[in-house]
Amino acid sequence: MKPTHSDIAALVQHLFTAPFVTDLGMTLDEFAPGRCTSLLELAPRHRQQDGYVHAGVMATLADHTAGFAAVSLVGGGETVLTAEFKIHLRRVATTCAASVRC
Numbered sequence: 001m002k003p004t005h006s007d008i009a010a011l012v013q014h015l016f017t018a019p020f021v022t023d024l025g026m027t028l029d030e031f032a033p034g035r036c037t038s039l040l041e042l043a044p045r046h047r048q049q050d051g052y053v054h055a056g057v058m059a060t061l062a063d064h065t066a067g068f069a070a071v072s073l074v075g076g077g078e079t080v081l082t083a084e085f086k087i088h089l090r091r092v093a094t095t096c097a098a099s100v101r102c
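One point on numbering: in my numbering, the residue at position 84 of the sequence shown is 84, and numbering is uninterrupted.
Everything labelled a hint here was simulated from the structure, so no lab data went into it. Be a bit skeptical, because a hint or two may be false.
As the list claims (entries may be wrong) - Pairwise CB distance ranges, derived in the manner of DEER restraints: (1) I87 to A32: 31 to 37 Å; (2) A10 to D50: 36 to 42 Å; (3) G51 to H14: 16 to 22 Å; (4) D7 to R90: 35 to 41 Å; (5) G76 to Q49: 23 to 29 Å; (6) D50 to G25: 27 to 33 Å.
Each residue gets a CB set at the ideal place from its N, CA and C atoms; glycine is no exception.
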C-alpha cells in the first residue's frame, strides 16, 4: 500500500495529539502505510465497576487505531471518519497494558 498524503507520518503524529486520545492515554507505537499499532498503559480510570477494562476503552483503542491506519492511505485534504463499527469482545481485559494493531 502506498500513502497518498505527502507527509503522512507527521499527520498521524498530529492526530495522536487529539484531546480525547491524549486524555485516554493512547500513544502511537508503530506506524506504516495502512498499518498502525497504539498502546495504552492501563490505569484505574480505565476500569469499570468489576475491575475489568471498560469495553468503551477497548472500543476506542480499536476505532482510533483502525482510523489512523486508514488515514495513512487517503489523499491530502481528505479525512477518515467512523460511520459505524461493531466489536466482539472475546474475554475481559485485565492486564496492565493494552495494545491494538490494525
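We went through each hint and held it up to the structure:
1. I87 to A32: 31 to 37 Å: violated, 23 Å
2. A10 to D50: 36 to 42 Å: holds, 41 Å
3. G51 to H14: 16 to 22 Å: Violated, since G51 and H14 (Cβ atoms, about 35 Å apart) do not stay within the stated range.
4. D7 to R90: 35 to 41 Å: 37 Å Cβ-Cβ, so the 35 to 41 Å window holds.
5. G76 to Q49: 23 to 29 Å: With a Cβ separation near 45 Å, G76 and Q49 fall outside 23 to 29 Å, so the hint is violated.
6. D50 to G25: 27 to 33 Å: For D50 and G25 the Cβ distance comes to about 21 Å; the hint is violated.
In terms of the numbered hints stated before, the structure departs from hints 1, 3, 5, 6, listed from lowest to highest.
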